[in-house]
Amino acid sequence: MTSHIRSFLSVFAARPVALLGLVYLVTIITVALGADLIAPYAPEDIEPVNRLSPPSWGHWFGTDHFGRDTFSRVLHGSRLALLIGVGVVSFALATGVPIGIVSALFPRIGRVLMRMVDVMMAFPSLLLALGLIVILGQSVANAILAIGVIYLTTTARITYGVTLRLREETYVEAARSMGASTLWMIRKHILPNMISPLLVQASFVFAFAQLGAASLDFLGLGAPPEIPSWGNMLAESRIYITRAPWLLFYPGLMIVLTAFSLNLVGDVLRDRLDPRFREMLGNRQRR
Amino acid sequence: MLKVRNLVVAAGTPSAELDIVSDVSFDINRGEVLGLVGESGSGKSITSLAVMGLLPHPHIWVRSGAIELDGADITEEPPHLRVERGHGGISMIFQEPMTSLNPVLRIGEQIEEAVRVHDGSTGETARIRARELLEMVRIPDARLQLNAYPHELSGGMRQRVMIAIALACRPQVLIADEPTTALDVTVQMQVLSLIRELCDTFDMGVLFITHDLGVVSELADRVAVMYGGKIAETGPVEELFRNPLHPYTGGLMGCVPDPAAGHRRFQTIPGQAPKPGEVPEGCKFAPRCSHVQPACRAGAVPPVTAGANHAAHCHFPLSRGEP
Amino acid sequence: MLAYVLKRTGAAIATLVAASIVIFIFIHLIPGDPIYVMLGDEATPEQVEALRTRLGLDRPLYVQYFYWAGNVLQGDLGTSIFFQEPVTVIIRDGAETSLLLACVTMVWIVALGVPVGVLAAIRQGTWVDQGLSGIAMLLASIPTFWVGLYLILIFAAHLGWLPSSGYPSIFEDGGLSNLRYLLLPSLTLAAPNAALILRLTRASMLDVAKEDYVRTARSKGIRPYRVVVRHILRNALLAVVSAFGFTFAALISEAVVTETVFALPGIGRMVVQSILRRDYPVIQGVILVIVCLYLVINLLVDISYRYLDPRVDLE
Numbered sequence: 701m702t703s704h705i706r707s708f709l710s711v712f713a714a715r716p717v718a719l720l721g722l723v724y725l726v727t728i729i730t731v732a733l734g735a736d737l738i739a740p741y742a743p744e745d746i747e748p749v750n751r752l753s754p755p756s757w758g759h760w761f762g763t764d765h766f767g768r769d770t771f772s773r774v775l776h777g778s779r780l781a782l783l784i785g786v787g788v789v790s791f792a793l794a795t796g797v798p799i800g801i802v803s804a805l806f807p808r809i810g811r812v813l814m815r816m817v818d819v820m821m822a823f824p825s826l827l828l829a830l831g832l833i834v835i836l837g838q839s840v841a842n843a844i845l846a847i848g849v850i851y852l853t854t855t856a857r858i859t860y861g862v863t864l865r866l867r868e869e870t871y872v873e874a875a876r877s878m879g880a881s882t883l884w885m886i887r888k889h890i891l892p893n894m895i896s897p898l899l900v901q902a903s904f905v906f907a908f909a910q911l912g913a914a915s916l917d918f919l920g921l922g923a924p925p926e927i928p929s930w931g932n933m934l935a936e937s938r939i940y941i942t943r944a945p946w947l948l949f950y951p952g953l954m955i956v957l958t959a960f961s962l963n964l965v966g967d968v969l970r971d972r973l974d975p976r977f978r979e980m981l982g983n984r985q986r987r
Numbered sequence: 485m486l487k488v489r490n491l492v493v494a495a496g497t498p499s500a501e502l503d504i505v506s507d508v509s510f511d512i513n514r515g516e517v518l519g520l521v522g523e524s525g526s527g528k529s530i531t532s533l534a535v536m537g538l539l540p541h542p543h544i545w546v547r548s549g550a551i552e553l554d555g556a557d558i559t560e561e562p563p564h565l566r567v568e569r570g571h572g573g574i575s576m577i578f579q580e581p582m583t584s585l586n587p588v589l590r591i592g593e594q595i596e597e598a599v600r601v602h603d604g605s606t607g608e609t610a611r612i613r614a615r616e617l618l619e620m621v622r623i624p625d626a627r628l629q630l631n632a633y634p635h636e637l638s639g640g641m642r643q644r645v646m647i648a649i650a651l652a653c654r655p656q657v658l659i660a661d662e663p664t665t666a667l668d669v670t671v672q673m674q675v676l677s678l679i680r681e682l683c684d685t686f687d688m689g690v691l692f693i694t695h696d697l698g699v700v701s702e703l704a705d706r707v708a709v710m711y712g713g714k715i716a717e718t719g720p721v722e723e724l725f726r727n728p729l730h731p732y733t734g735g736l737m738g739c740v741p742d743p744a745a746g747h748r749r750f751q752t753i754p755g756q757a758p759k760p761g762e763v764p765e766g767c768k769f770a771p772r773c774s775h776v777q778p779a780c781r782a783g784a785v786p787p788v789t790a791g792a793n794h795a796a797h798c799h800f801p802l803s804r805g806e807p
Numbered sequence: 004m005l006a007y008v009l010k011r012t013g014a015a016i017a018t019l020v021a022a023s024i025v026i027f028i029f030i031h032l033i034p035g036d037p038i039y040v041m042l043g044d045e046a047t048p049e050q051v052e053a054l055r056t057r058l059g060l061d062r063p064l065y066v067q068y069f070y071w072a073g074n075v076l077q078g079d080l081g082t083s084i085f086f087q088e089p090v091t092v093i094i095r096d097g098a099e100t101s102l103l104l105a106c107v108t109m110v111w112i113v114a115l116g117v118p119v120g121v122l123a124a125i126r127q128g129t130w131v132d133q134g135l136s137g138i139a140m141l142l143a144s145i146p147t148f149w150v151g152l153y154l155i156l157i158f159a160a161h162l163g164w165l166p167s168s169g170y171p172s173i174f175e176d177g178g179l180s181n182l183r184y185l186l187l188p189s190l191t192l193a194a195p196n197a198a199l200i201l202r203l204t205r206a207s208m209l210d211v212a213k214e215d216y217v218r219t220a221r222s223k224g225i226r227p228y229r230v231v232v233r234h235i236l237r238n239a240l241l242a243v244v245s246a247f248g249f250t251f252a253a254l255i256s257e258a259v260v261t262e263t264v265f266a267l268p269g270i271g272r273m274v275v276q277s278i279l280r281r282d283y284p285v286i287q288g289v290i291l292v293i294v295c296l297y298l299v300i301n302l303l304v305d306i307s308y309r310y311l312d313p314r315v316d317l318e
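Residue numbers (our numbering), protein chains in the order written: chain G, 701 to 987; chain V, 485 to 807; chain Z, 4 to 318.
Bound conformation, chain G alone (with noise of 0.2 angstroms):
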């Protein structure tokens, strides 16, 4: 265990800068397990008499239009956060890995699913969330559903270009011709070839789910405004970014840090992973 944590560690070792993104990582989920014992106030209190004040040592962060501690929520809205990061990577590996798997190793059914993810991918990926939310209705579940939807794709085709080309690789041949049942193929030879390149396409899609889900709530479209969201916390301070421009940065610093680490740790993984997987995964990022 400890040898996979040092393998693991040391691949920060050429740019420590990624080291502080880790760390920021480790802090924003403590913070989101330990919100309610951390966070000074709870987030929904209001002291209408201090409304709008600038941050102070009672409020660190200022409070909102309710009066509401901004430092409260803004902890509080790491859960959200956090939880549309895993949802939405969950959703995508769990749904996107199997149909790019799939299609590469049947091809009749390969072709008609490739085609139907060629598909969604013609819609811009905001108005496909957009569009489930408006069918689905307005709800997190909903809102990681639907930006998960957008990552499904990729993930899809990057599975789907990873398992073909192992499929042409000789050792898979060579199994094969020894009676290797398909799916101990798939468990013996692709899965633990794709640990990589999906590992590094998880932290970037942790991080564009952030800023998805982001923009979900200033639309109004997200996460129900009871819900403290970093997002929504941006949406609401709007109208008093002149009065109140705390209100405007601090949540959406919390978003830019998260993002930012989220990018920093999968870069430096891609770099250190690569050359292997550069080819497997072709130039194409999609936000």
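Please note that the accuracy of each hint is not assured.
Sample of chain V residues facing chain Z (criterion: CB under 8 angstroms; computed from the structure) [as the list claims (entries may be wrong)]:
id, residue
1, L539
2, W545
3, V588
4, A626
5, H635
6, L637
7, I649
Pairs of lysine to aspartate or glutamate residues, derived as EDC-like cross-links and limited to a Cα-Cα distance of at most 20 angstroms, are as follows [as the list claims (entries may be wrong)]:
id, chain 1, residue 1, chain 2, residue 2
8, Z, K213, V, D705
9, Z, K10, G, D818
10, Z, K10, Z, D305
11, Z, K213, G, D818
12, V, K714, V, D687
13, G, K888, G, E873
14, V, K487, V, D705
Please keep in mind that the hints were generated in silico from the structure rather than gathered at the bench. What you are looking at is a predicted structure, and each value in this text was computed from that prediction instead of being measured. Cβ coordinates follow ideal geometry from the N, Cα and C atoms, glycine included.
Since the structure of chain G is provided, determine the placement of chains V and Z on it from the hints.
Then chains V and Z, alone, in the frame of chain G:
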């Protein structure tokens, strides 16, 4: 004409570096083909890149030594500076014709580029010269092929185009790094005879790098054998084949299958070539040598000679050479 | 070449048809009965039935689709429930804003992303490269609307240099100077995408620099500048150009948010408002037009790729 003296090439980062070519010296004269022979990893390609001035900085560089062309010092001089300073022409053709040409430019343009640099000509003059060069390397329908893209040509044709580009530089020396390894056998012979012919016609010196002894015996006038980043032996080609001094050379000769000898186990040289990091004391070949003595593992190896132009670095050469 | 164009066009049309079916089904999956939306809750059953029949909404779904598709091909995208105007008029009104915004943004993206990416590649490993790459990654991590809101805060609210919202047409009073209304929005939209193009250009340049033909080019003795431009850049741009299709899609997506932030009367904002208003004909028509536009752009990119890379086959 081309003199390489005590060339040492190092590789790595400032904190971890090692010598991948050490103390290499050889000469190439006009009109002669020097075959540079050795296993993969023996440093032959690196040596040729060093002569060209194309070492991939910052990872690989010339630590010490001198390279001279007709008296001018061209050590670590990249091609464009060499041209600017008028230090004479060296051209190189590479092993992989399939990837050595720019895929989005037409053949004619790529040749003209070289022509323009070395002749200073432009427009129509350059175009005519490009066609001449294609005809010189015996490409049929030269005028048509000027407009072709690399992917439209076969491997053999592409290699000829590479040679045409090399000739455009009006070289005194042509370096050919395993130019036929990636080609079919029949095409190989055509390209080799073309190189020989051009060498004679233009009085060029040719540094021909290969691991194929058959090619060497056909094409080369003199041979240098490299092992572990050093030159093991140099000499005229017949001498080397008949009367090898260095046990490694002897081993190589023995490895060539002899149809006349009937069925027999193939000879091999036991062991493996040393990796760049390994630096055994004394002779690098000692671990694999069948003639090894204790003295071989201690200290530097002295040169021995056997006749004019035939020398090797060995304590106990195969035939009676003189120190 | 012609065969290639025809083939790709055919594929694009097929995708468009498939997409239109998807859109149509989507819209009809939206909960809520549009009839009641149109007539209000007090409508009598007879009124409901009458309107339903009149609008053809009592027919089976696939019949409705063919009617709709037929109308689309004749240029009729339906009528907006909210505005009581043809959808085509609504789209046309918003088109100028959105298209201009997209074009200006693309100019920023290419003008900023590509040269800086080349610079970072040439100076690989130096602090110039590290700094630029770091900034690029940062920009790619910032939500578009946040950038937008801050730009408004600084340049409009505090400095008063630029307007913060709205967009009068350049065909009206003010003429081309009205383009300044698009300055902040286009910069906002361009930032993250320029960052991605920067990284792509840099990565592509570095990949190409390792290729054998670059070594050949150097061995000819041509000057380094020429090697970079004629051999490395020329090939590196292939990857960048092929990313333009995706970039445009991202633009369209994010334009939705940007137009909302800057209150621009464009198509993106129209989509969001129509969704909130349940104005189905508008939603349907606008998404169809956007998808069509996206496919056309991709088609053009593919075809131009054929010009740039002579290796591309007529698959």
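Against the structure, the hints come out as follows:
| no. | hint | verdict |
| --- | --- | --- |
| 1 | L539 | 11 angstroms, violated |
| 2 | W545 | 16 angstroms, violated |
| 3 | V588 | 6 angstroms, holds |
| 4 | A626 | 19 angstroms, violated |
| 5 | H635 | 5 angstroms, holds |
| 6 | L637 | 12 angstroms, violated |
| 7 | I649 | 7 angstroms, holds |
| 8 | Z:K213 to V:D705 | 34 angstroms, violated |
| 9 | Z:K10 to G:D818 | 16 angstroms, holds |
| 10 | Z:K10 to Z:D305 | 11 angstroms, holds |
| 11 | Z:K213 to G:D818 | 32 angstroms, violated |
| 12 | V:K714 to V:D687 | 28 angstroms, violated |
| 13 | G:K888 to G:E873 | 13 angstroms, holds |
| 14 | V:K487 to V:D705 | 17 angstroms, holds |
Violated hints, in rising order: 1, 2, 4, 6, 8, 11 and 12; the structure is consistent with all others.
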